[in-house]
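From just these sequences and the hints, can you work out the full model?
For the sequence shown, the positions run 1 to 205 when full-length UniProt numbering is used.
Think of the hints as simulated: they come from the structure by calculation, not from any bench. A couple of the hints might just be wrong.
What follows is a list of derived Cβ distance ranges for each label pair [said to hold, decoys possible]: (1) Lys3 - Gln89: 39 to 47 Å; (2) Lys3 - Ser131: 28 to 36 Å; (3) Ile177 - Lys3: 25 to 33 Å.
Cβ coordinates follow ideal geometry from the N, Cα and C atoms, glycine included.
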Amino acid sequence: MHKLVWVLIFTSCLVWSAYHPKDPLTWWLEVLPALVGALLMAITYRRFTFTRLVYGLALIHCIILMVGGHYTYAEVPFFDTLGSYFDWQRNNYDKLGHFAQGFVPAMVVREIVVRNHLIFGRLWQFIFVTSFCLAFSAFYELIEWWVAVATGEGAEAFLGTQGYAWDTQSDMAFALIGAVTALLLLSGIHNRQIEQKRSLYGRTQ
1 MHKLVWVLIF
11 TSCLVWSAYH
21 PKDPLTWWLE
31 VLPALVGALL
41 MAITYRRFTF
51 TRLVYGLALI
61 HCIILMVGGH
71 YTYAEVPFFD
81 TLGSYFDWQR
91 NNYDKLGHFA
101 QGFVPAMVVR
111 EIVVRNHLIF
121 GRLWQFIFVT
131 SFCLAFSAFY
141 ELIEWWVAVA
151 TGEGAEAFLG
161 TQGYAWDTQS
171 DMAFALIGAV
181 TALLLLSGIH
191 NRQIEQKRSL
201 YGRTQ
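Okay, structure coming up:
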């Protein structure tokens, strides 16, 4: 994906998301990771340019965060419709978000590991990447807890538990499933794009 197209889509979604969000505090809490992620990718673009696959997935993840920030994760309309159709007891958009929380970072971390020759052997790479994603998900749950303690009822929409007692555990499980799914489905195409970059920029890339 061309970087200009990436920026235009990201900016358009950000402007839409920021226009009269359901809860301003929740909007900031949900969209901040997308803003930080985009900033980091911009800063590192010349020094470490990721593959098209990673940039595309990162954009999708940012859009998921922005949609959740606009409506709050418990009130995304399309997932209310799905909930009625499938007879869900809650709005499950947050589970899509946590699946992406494992799916997308798995490819980001994998690319850093593979291109920098940090870990050799596909099995050990697989174990490291999935462990990292699970640890990242657990840390995010800790952040949600800290925010809830600091803001009290103001963080209820951010937490999005919707009365589900196992919400924290299921969030981490979905992140783990996302990471494993990404590695199983995308490692082949990811390797080919990495090899293309190496052929263009040299073996160190």
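**Request:** Determine whether the Cβ-Cβ distance between lysine 3 and serine 131 falls within the hinted range of 28 to 36 Å.
**Result:** holds, 31 Å
**Asked** Is the hinted range of 25 to 33 Å satisfied by the C-beta distance from isoleucine 177 to lysine 3?
**Response** holds, 31 Å
**Asked** Taking the CB of lysine 3 and the CB of glutamine 89, does the distance hold inside 39 to 47 Å?
**Response** holds, 42 Å
Of the numbered hints stated above, none is contradicted by the structure.
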